[in-house]
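Undergrad: Two chains, two frames, a set of hints: combine them into the complex.
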Amino acid sequence: MGQAGVLRRAACLISPELSGQNVTTRQNEFEEIAMPHSRSLLRVARRLAFDSATAEDLVQETLLCGWRNFNQFQRGTNARAWLFRILFNAFYARGRKIRSGPVLLPLQSPGREAEPQSRAASSLLDSAAVTRALEELSPEHRTVLLLAVVEGFTCREVAEILSLPIGTVMSRLSRARQALRDRIAPAAPKLCRARANAE
Amino acid sequence: MSRNGNIMNCSEIAELTPLYLSLELDRDRAAAFDAHLKSCPSCMRELERQARLDAELREVVAGEPVDTASVDRRVRERIAAESEGSSWLAPLHRRWVIVAIGAAAALLIVAVGYRGLLGSRVAPVYAAAALDHRREVVQNEPRHWKVDPSAVAALAESQGIPVSAPAALSSGAYRLERAKLCFLDGRIFLHLVYSDGTQEFSVYLRQRGAESLPGRTRETDNGRVLHTSDSGSEHVASFQTDGLTVMVVTDQSADTALHFARFAAATL
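If you're matching them up, the sequences are chains A and B in order. Per the numbering used here, the very first residue in the first sequence carries number 16; after that it's consecutive. Per the numbering used here, the very first residue in the second sequence carries number 470; after that it's consecutive.
Excised from the complex, chain B in its bound form (with noise of 0.2 Å):
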């Protein structure tokens, strides 16, 4: 329902566009949100317009080089310089700039694995499942995730996804922790986190369109073709059902991904 508790119209749904991208929207306003798509085709064209064009900005901008280590060097020269005036330890000055080697080490290989991911011949929905994992799950970057079960579910069918598919790949040690909406490849997906503790993947589902997966075939499972592509660091194992597309990513192992994928193939 909108602020008033009614429908909205198309006016309210323009004007809230931005804040449902940026998944800002309380509960009750998003439901009223995804009602009105539902029934209107022009604002669900105009939403998937937006979103494909955010895609498509996002994919440019952030793909462009950027090279820090310059900055990166000179900050860190300020940082110690200023520290050795404030700190009469200079063995702990020594021990700072091991830290901060070992830490330009550690961004140089991101870097060079992103690079890696960007370079690679892999289709842009994987690889921007990909990055999504590793900016999101990976690298932890704050988002506002949904927790609660019932706000899962009702993620889940806004997008025209069995409410009861994000619990069913709970499996074993591996329990849903998180959920929310993004946008991969000017597409909206359900992101859902799974966890054992320790370890987190990552599943995408959307509702299946016309579209076919991409990748290397790698077997047939439950009547399901799995496929398999690696980006980077990260690993995807896709497949589709009658209904949905599903996408598993880790930065685990190849076969980790495909585990799973093999479980929600034999579950979805």
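Next up, chain A with everything else stripped away, as it sits in the complex (with noise of 0.2 Å):
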């Protein structure tokens, strides 16, 4: 991976100084390849982090290191998998441990938006047991469903973005989907026995 010098680095260094023409066209290009993707990278930081500021720290010091080295994207590459190893090593060069402690949340907090209607209220019920037994995985369990399942990442993707060998994601990838299901089949058994007949 031609970026993985840059990605190492702990600390982003601000590029040579580009011509005002040029600035607005890394700007314009920026906007367009890298922003769109810190709706996904907020959902894993907050994953990540111990509370919603230090996720949103993380995204902000994310983007900017990939602003900052913009320059040295290839362009036609994977820029969410690039923004996501950045996340990575922004996340380990702050000697955070990732979170490992279950986090319960409320069916209806404040400030929570309402569940999708398309979900029944039967459903509600799933979420929140698929959310609690996501928080009660390990750290490297949850990280690799989060970047395979939720992000969509190819398990080479995920190995490049967390510096693991391919194998090492897929028998984690494996025992984390195994481990999620334990955690939900006695969280819901009746849902679990209702969807098996219903099949």
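Source of the hints: derived by calculation from the structure; they are not laboratory data. Only a predicted model underlies this, so the values are computations on that prediction, with no experimental measurement involved. Be a bit skeptical, because a hint or two may be false.
[Claimed, not checked] Have a look at the derived ranges for each label pair, beta carbon to beta carbon: (1) A:Gly182 <-> B:Glu546: 39 to 45 Å; (2) B:Ala735 <-> A:Thr183: 48 to 54 Å; (3) B:Asp497 <-> A:Asn43: 41 to 47 Å; (4) A:Ser153 <-> B:Ala642: 33 to 39 Å; (5) B:Glu546 <-> A:Glu155: 34 to 40 Å; (6) B:Val607 <-> A:Gln87: 27 to 33 Å; (7) B:Ala620 <-> A:Gln89: 22 to 28 Å; (8) B:Gly629 <-> A:Gln89: 27 to 33 Å.
Note that the Cβ used here is the ideal one computed from N, Cα and C, for glycine as well.
TA: Rendered as structure tokens:
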């Protein structure tokens, strides 16, 4: 990966000064290529960090690091994977450990938007069970599930983002899926049975 | 065939399942994987359970509200400030602010649209198809698509779909562009994208099971009952043949979705 050296830096250096025209072009490109991924980055960062403020700081740091090194980003390659690798490098560079304790989210917390109406009322329990099970997973398992399943990265991309061998990602992903299922099954046996019957 | 050119066993299937679900297996290994699934109900059930769990996890986590307005604003301000330091052209800075505001407005529109998508009373499979179309066709997120006709036919065959079906749906200006497998509401669908060079729409196919299609019954064509549903800014038209479940999804118009569904109902 050509950008690996850049991404391994703990600190992001500002690239050489650009002319005004180049700055504007680069800003437009960054807006188009990188900024649309802030939502994905924040979604994952919230489950890495201890609180939402830290998660937002992490995403801000990631995007600014991406901006400062944007001249080294290879156009046409996967910008989202590139940004996620920066995110994880920034996180580890902070010396933080991934949140390992369960966080129980109330079903109807203030400020939380209503659940999609397409999910029936009975599914709310299911959502809570899935969320709780995800939070209870080990940080390693939670991370690969978030990247591979929720964010849709391939195993190879996850391996590059986390700097792991692909075999490790595959085995970790298999164990993570099994661990998640083990936690969900006893939490919502009625739903599981109902679904099994419906199949 | 497996890595050794032999039929895969259950242990290899378990090991390679992550690559299968992320569509990273090469053609030969995917074919061997599919062949094993056809002959091993236990592995098939296990794969379907994993796929359903993935779909559930994705829906729950990806459906959580994420407000990036604050962090986006701070990033843009910092970038603008740093750029101002390296640029002496104030008018361009103002232009950047305009671009940022425009982009923020666009993001807001997308966010509102997304909330509308989630908040509407839409069948889960239609909502999943609409979201998949938006992410992977409209927003063109990078995925591993099959473009070679023989590879597309192999994908269809692996799902028990007639190999001629993808090409048969190419009509007039619209041509088959690419294909991949995807999971919608816990079930595997063949996702086909057709394009006339400027507009694209999606067709989702799967071997018909015991499921019935939700949505408003619109009309009957060629003996097939057509259903329509809107999900956010996407329009879905669906029907079933004796052997297939078919969904057409487009962000163009409900009439476009219905028009192509009529053609598909007459063709398949």
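Undergrad: Take the hints in turn and mark each one as holding or not.
TA: Hint check:
1. About 43 Å separates the C-beta atoms of Gly182 (chain A) and Glu546 (chain B), a value consistent with the hinted range of 39 to 45 Å.
2. A beta carbon spacing of about 51 Å between Ala735 (chain B) and Thr183 (chain A) agrees with the range 48 to 54 Å that was offered as a hint.
3. Taken as a hint, the range 41 to 47 Å holds for the pair Asp497 (chain B) and Asn43 (chain A), whose Cβ atoms sit roughly 43 Å apart.
4. At about 52 Å, the beta-carbon gap between Ser153 (chain A) and Ala642 (chain B) misses the expected band of 33 to 39 Å.
5. Between Glu546 (chain B) and Glu155 (chain A) the CB atoms are about 35 Å apart, so this pair conforms to the stated range of 34 to 40 Å.
6. The beta-carbon spacing between Val607 (chain B) and Gln87 (chain A), approximately 29 Å, falls within the hinted interval of 27 to 33 Å.
7. The hinted window of 22 to 28 Å between Ala620 (chain B) and Gln89 (chain A) holds, with their beta carbons roughly 27 Å apart.
8. Checking the proposed 27 to 33 Å range against Gly629 (chain B) and Gln89 (chain A) shows it is violated: the Cβ atoms sit about 40 Å from each other.
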